[in-house]
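Residue numbers (the working numbering), protein chains in the order written: chain R, 1 to 233; chain Y, 234 to 466; chain U, 467 to 699; chain W, 700 to 932.
In short, the hints are calculated from the structure, not lab data.
Treat the hints with care, as some may be off.
Not the full set, but computed from the structure, chain W residues with beta-carbon under 8 Å of chain U [stated by the list, open to error]:
| no. | residue |
| --- | --- |
| 1 | A761 |
| 2 | G809 |
| 3 | N884 |
The following label-pair restraints were derived from C-beta to C-beta distances [stated by the list, open to error]:
| no. | chain 1 | residue 1 | chain 2 | residue 2 | range |
| --- | --- | --- | --- | --- | --- |
| 4 | R | P112 | W | P823 | 45 to 55 Å |
| 5 | W | K701 | U | R498 | 49 to 59 Å |
| 6 | R | G36 | Y | P357 | 24 to 34 Å |
| 7 | W | P823 | R | G123 | 53 to 63 Å |
| 8 | Y | L347 | W | G779 | 36 to 46 Å |
| 9 | W | G779 | U | P658 | 19 to 29 Å |
| 10 | R | K2 | Y | Q447 | 12 to 22 Å |
| 11 | R | Q6 | Y | L311 | 21 to 31 Å |
| 12 | Y | N418 | R | E86 | 48 to 58 Å |
| 13 | Y | A322 | W | G822 | 32 to 42 Å |
| 14 | U | G502 | W | P917 | 52 to 62 Å |
| 15 | U | L471 | R | E86 | 34 to 44 Å |
For glycine and all other residues, C-beta sits at the position ideal for the given N, C-alpha and C.
Number of protein chains: 4
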Amino acid sequence: MKLSLQRRIAAEFIGTLFLLAAVVGSGIMGERLAAGNVALALLANTIATGAALIALILAFGAISGAHLNPAVTLADALRGGFAWREVPAYILVQVAGAVGGVIVAHLMFGLPLLAVSTHNRSGPSQLFSEFVATFGLLAVIWGCARRRPSAVPYAVGSYITAAYWFTASTSFANPAVTLARCMTNTFSGIRPADVAGFIGVQIGGAIAATLLFQWLAPIAKADSTAQTAEHDR
Amino acid sequence: MKLSLQRRIAAEFIGTLFLLAAVVGSGIMGERLAAGNVALALLANTIATGAALIALILAFGAISGAHLNPAVTLADALRGGFAWREVPAYILVQVAGAVGGVIVAHLMFGLPLLAVSTHNRSGPSQLFSEFVATFGLLAVIWGCARRRPSAVPYAVGSYITAAYWFTASTSFANPAVTLARCMTNTFSGIRPADVAGFIGVQIGGAIAATLLFQWLAPIAKADSTAQTAEHDR
Amino acid sequence: MKLSLQRRIAAEFIGTLFLLAAVVGSGIMGERLAAGNVALALLANTIATGAALIALILAFGAISGAHLNPAVTLADALRGGFAWREVPAYILVQVAGAVGGVIVAHLMFGLPLLAVSTHNRSGPSQLFSEFVATFGLLAVIWGCARRRPSAVPYAVGSYITAAYWFTASTSFANPAVTLARCMTNTFSGIRPADVAGFIGVQIGGAIAATLLFQWLAPIAKADSTAQTAEHDR
Amino acid sequence: MKLSLQRRIAAEFIGTLFLLAAVVGSGIMGERLAAGNVALALLANTIATGAALIALILAFGAISGAHLNPAVTLADALRGGFAWREVPAYILVQVAGAVGGVIVAHLMFGLPLLAVSTHNRSGPSQLFSEFVATFGLLAVIWGCARRRPSAVPYAVGSYITAAYWFTASTSFANPAVTLARCMTNTFSGIRPADVAGFIGVQIGGAIAATLLFQWLAPIAKADSTAQTAEHDR
Numbered sequence: 001m002k003l004s005l006q007r008r009i010a011a012e013f014i015g016t017l018f019l020l021a022a023v024v025g026s027g028i029m030g031e032r033l034a035a036g037n038v039a040l041a042l043l044a045n046t047i048a049t050g051a052a053l054i055a056l057i058l059a060f061g062a063i064s065g066a067h068l069n070p071a072v073t074l075a076d077a078l079r080g081g082f083a084w085r086e087v088p089a090y091i092l093v094q095v096a097g098a099v100g101g102v103i104v105a106h107l108m109f110g111l112p113l114l115a116v117s118t119h120n121r122s123g124p125s126q127l128f129s130e131f132v133a134t135f136g137l138l139a140v141i142w143g144c145a146r147r148r149p150s151a152v153p154y155a156v157g158s159y160i161t162a163a164y165w166f167t168a169s170t171s172f173a174n175p176a177v178t179l180a181r182c183m184t185n186t187f188s189g190i191r192p193a194d195v196a197g198f199i200g201v202q203i204g205g206a207i208a209a210t211l212l213f214q215w216l217a218p219i220a221k222a223d224s225t226a227q228t229a230e231h232d233r
Numbered sequence: 234m235k236l237s238l239q240r241r242i243a244a245e246f247i248g249t250l251f252l253l254a255a256v257v258g259s260g261i262m263g264e265r266l267a268a269g270n271v272a273l274a275l276l277a278n279t280i281a282t283g284a285a286l287i288a289l290i291l292a293f294g295a296i297s298g299a300h301l302n303p304a305v306t307l308a309d310a311l312r313g314g315f316a317w318r319e320v321p322a323y324i325l326v327q328v329a330g331a332v333g334g335v336i337v338a339h340l341m342f343g344l345p346l347l348a349v350s351t352h353n354r355s356g357p358s359q360l361f362s363e364f365v366a367t368f369g370l371l372a373v374i375w376g377c378a379r380r381r382p383s384a385v386p387y388a389v390g391s392y393i394t395a396a397y398w399f400t401a402s403t404s405f406a407n408p409a410v411t412l413a414r415c416m417t418n419t420f421s422g423i424r425p426a427d428v429a430g431f432i433g434v435q436i437g438g439a440i441a442a443t444l445l446f447q448w449l450a451p452i453a454k455a456d457s458t459a460q461t462a463e464h465d466r
Numbered sequence: 467m468k469l470s471l472q473r474r475i476a477a478e479f480i481g482t483l484f485l486l487a488a489v490v491g492s493g494i495m496g497e498r499l500a501a502g503n504v505a506l507a508l509l510a511n512t513i514a515t516g517a518a519l520i521a522l523i524l525a526f527g528a529i530s531g532a533h534l535n536p537a538v539t540l541a542d543a544l545r546g547g548f549a550w551r552e553v554p555a556y557i558l559v560q561v562a563g564a565v566g567g568v569i570v571a572h573l574m575f576g577l578p579l580l581a582v583s584t585h586n587r588s589g590p591s592q593l594f595s596e597f598v599a600t601f602g603l604l605a606v607i608w609g610c611a612r613r614r615p616s617a618v619p620y621a622v623g624s625y626i627t628a629a630y631w632f633t634a635s636t637s638f639a640n641p642a643v644t645l646a647r648c649m650t651n652t653f654s655g656i657r658p659a660d661v662a663g664f665i666g667v668q669i670g671g672a673i674a675a676t677l678l679f680q681w682l683a684p685i686a687k688a689d690s691t692a693q694t695a696e697h698d699r
Numbered sequence: 700m701k702l703s704l705q706r707r708i709a710a711e712f713i714g715t716l717f718l719l720a721a722v723v724g725s726g727i728m729g730e731r732l733a734a735g736n737v738a739l740a741l742l743a744n745t746i747a748t749g750a751a752l753i754a755l756i757l758a759f760g761a762i763s764g765a766h767l768n769p770a771v772t773l774a775d776a777l778r779g780g781f782a783w784r785e786v787p788a789y790i791l792v793q794v795a796g797a798v799g800g801v802i803v804a805h806l807m808f809g810l811p812l813l814a815v816s817t818h819n820r821s822g823p824s825q826l827f828s829e830f831v832a833t834f835g836l837l838a839v840i841w842g843c844a845r846r847r848p849s850a851v852p853y854a855v856g857s858y859i860t861a862a863y864w865f866t867a868s869t870s871f872a873n874p875a876v877t878l879a880r881c882m883t884n885t886f887s888g889i890r891p892a893d894v895a896g897f898i899g900v901q902i903g904g905a906i907a908a909t910l911l912f913q914w915l916a917p918i919a920k921a922d923s924t925a926q927t928a929e930h931d932r
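Kindly generate the complete structure, drawing on both the sequences and the hints.
In structure tokens, the structure reads:
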């Protein structure tokens with residue numbers, strides 16, 4: 001039985017808030033403790049983010065689908081598993097939750113509520129990385145959705161753990177995350193000037209993977225609502 | 234079939250003992266071997282704690298529910314899934330087990346049985362961190378309890394793995410753990426003066442998350458006993 | 467219901483491409499950030515590869531079987547679970563996907579499309595390591611195939627995570643991967659001169675494990691198609 | 700359907716061989732690459748061992764029960780789940796497999812087949828650590844055996860991952876492993892003089908946990924054969 005939209009967007013808000021708190025907070029902690037060793041800081045950031053995704057998708061998957069990501073919401077709508085009329089509400093609370101998560105992380109580490117990032121992430125390598133990262137994320141989601149939706153939390157957490165290291169951009173792969181991360185001038189930040197490009201290629205990657213999987217792994221109509229996490233059926 | 238209270242509190246005692254042995258012992262080992270690199274010491278501490286939680290909740294979940302945490306016991310009682318009359322016994326053995334775990338860790342590493350910590354963990358950032366940490370822990374537990382209780386061990390282990398890094402306090406998120414950790418003057422210790430504040434906000438965070446999820450993800454009466462681990466049904 | 471060969475080889479292509487992007491990309495990132503500490507670089511490479519395997523086998527297992535490895539395809543055919551007439555197509559797209567993955571990794575990190583590796587991996591220790599690595603990989607696959615095919619993604623990801631460290635060669639264990647890795651002059655590369663030896667012992671190890679398990683854990687005829695991931699039944 | 704004893708002891712031999720190859724091999728690799736940082740070497744050793752256990756128990760659990768450990772075999776016999784007359788054969792191949800694994804690791808890393816360890820692991824802290832480590836291992840196994848045997852591979856892998864760090868002895872917790880590790884003069888070695896003490900307290904810990912769980916979590920007669928991995932039922 002599907003829960004009310006109100007409940008579902010509350011879940012998206014809290015889930016995305018915790019996701020950003022995890023990404024930004026662990027970046028701050030990692031950088032503070034790593035004594036200048038960037039590999040160690042990113043390793044901490046990676047393990048925290050991957051583990052947070054597993055926990056959050058397990059917890060919120062059965063409530064809201066645990067998209068926590070406008071690219072996932074759009075892809076799900078594109079494939080017919082999510083009502084277009086609910087897309088704006090989902091994206092709005094994802095962005096609001098993401099910004100809220102940055103604020104929570106800053107408060108936990110005694111920093112100003114928000115700050116403009118100066119972290120340069122520009123150039124074709126970065127943009128191509130984000131295209132690949134988001135293409136792969138949606139490929140993993142659609143690949144699991146057809147036959148083993150209950151594995152999605154582990155698949156997504158594992159995928160992002162890997163993608164933090166195998167893409168040059170450390171795999172944002174999420175427009176709400178990208179937008180919020182320009183508001184923190186810490187390890188995980190991104191300059192506001194680089195945000196639009198990131199979001200553009202992320203959406204491109206998500207659409208490309210979704211179209212490919214529409215052919216590659218057709219989902220029966222009744223099953224077509226699979227997204228980040230197993231659905232409520 | 235529910236096991237006798239005697240058996241269940243024995244399980245809570247042993248489980249919490251091993252949890253603290255893992256937290257404190259791996260902190261000692263990590264600090265000894267890390268040659269001053271705090272990120273590496275915390276990484277070892279994190280991996281050991283998260284893995285221990287998975288193993289312990291898998292092992293004790295079907296016996297006692299594997300609360301291992303007074304905040305979880307209180308929250309479960311608050312939600313109607315656990316009898317209030319059994320709460321004192323659970324909390325008592327959780328605290329006793331936690332202190333026992335510190336002693337066991339000290340014995341394994343050749344230290345005096347107990348020692349007063351001098352590790353300062355005060356200030357609003359620390360307190361806010363513990364509120365967030367415990368709110369998130371209960372959110373994850375309640376989120377999973379409704380639809381996939383068998384995933385709770387992985388969700389909780391993953392959540393704490395992340396929270397060690399994304400909160401400024403390294404996420405105690407457990408009053409029994411907090412109390413016991415003031416009795417070790419090693420990596421994972423906390424000054425006795427800071428304990429009461431931590432416990433207060435932990436209980437606050439647990440209650441807040443529980444009230445929120447009472448609305449967010451209603452559990453049918455018959456299912457309302459879900460907690461740290463899947464229940465015995 | 468089995469999907470068309472066209473769809474299945476597309477899945478093998480994309481899966482192997484992402485596998486190589488993960489192996490090569492994370493090697494580049496690890497080496498760049500680790501400031502000369504090879505253990506840290508290999509740890510990043512390991513975590514990324516193991517996590518990528520879990521995600522990719524979960525995603526592509528139900529489409530193509532997620533072999534992503536000619537040694538697995540050959541072993542599956544040898545055991546009767548895969549049609550010999552489809553073997554060439556599978557191997558071809560695995561190799562093509564692997565090379566594609568190297569190119570994608572190089573593009574993401576701003577390197578020339580392909581480069582000849584100068585990484586010496588020769589000598590009997592290296593060859594014996596690859597025999598052991600691939601024997602173990604197939605042992606793990608066949609061991610899981612009989613009774614719990616749905617655990618294969620986790621078993622394979624875990625096995626390779628371990629084997630990166632317990633073999634002297636860092637466990638290529640995959641002819642397509644080996645061939646493609648001679649085209650990157652980065653952390654994970656291998657000299658072209660060392661490729662043939664690696665592939666030879668990999669196939670030897672795969673055949674040896676397959677013959678052993680044919681006796682050790684007989685699979686009923688109807689179940690004989692198990693391979694890297696649970697099959698479509 | 701239970702497989703023949705011949706098949707089951709072959710599985711125990713190969714499984715224990717790979718377990719030791721993983722423990723010893725990753726210790727060698729970790730020490731070689733870690734440039735003197737013992738925390739990093741142990742972290743590599745830990746991740747490889749925990750991951751190997753997950754893969755091996757998943758693969759061999761349904762064949763032989765994947766004891767891979769004389770303490771588990773004894774405990775299972777003590778509890779009535781394993782025939783006493785098969786105990787000697789199991790223990791014999793576990794020890795032989797363990798020694799074989801050390802040889803395989805040495806061959807992979809270009810070392811002499813066997814060597815006497817000079818690694819001092821003596822004193823009451825070490826012995827108490829091994830008692831705790833093995834008590835905990837059997838507690839985890841018996842805790843899972845009753846209700847979720849299919850989680851044993853993950854529980855045991857996670858437990859040992861934690862115990863490598865929270866015990867002062869790095870948690871051998873296995874008499875066959877202990878015996879074999881006195882034959883390698885590398886990171887994971889142990890002096891022959893320290894072996895008997897380790898094995899004695901390991902067996903003591905295993906028996907203590909087994910007796911406790913006989914009361915704590917009674918298993919119905921028909922279910923009493925649970926051990927390291929889910930059984931063949």
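- Query: Among the hints numbered above, which are violated by the structure, and what are their numbers in rising order?
  - Reply: Failing hints, ascending: 3 and 9.
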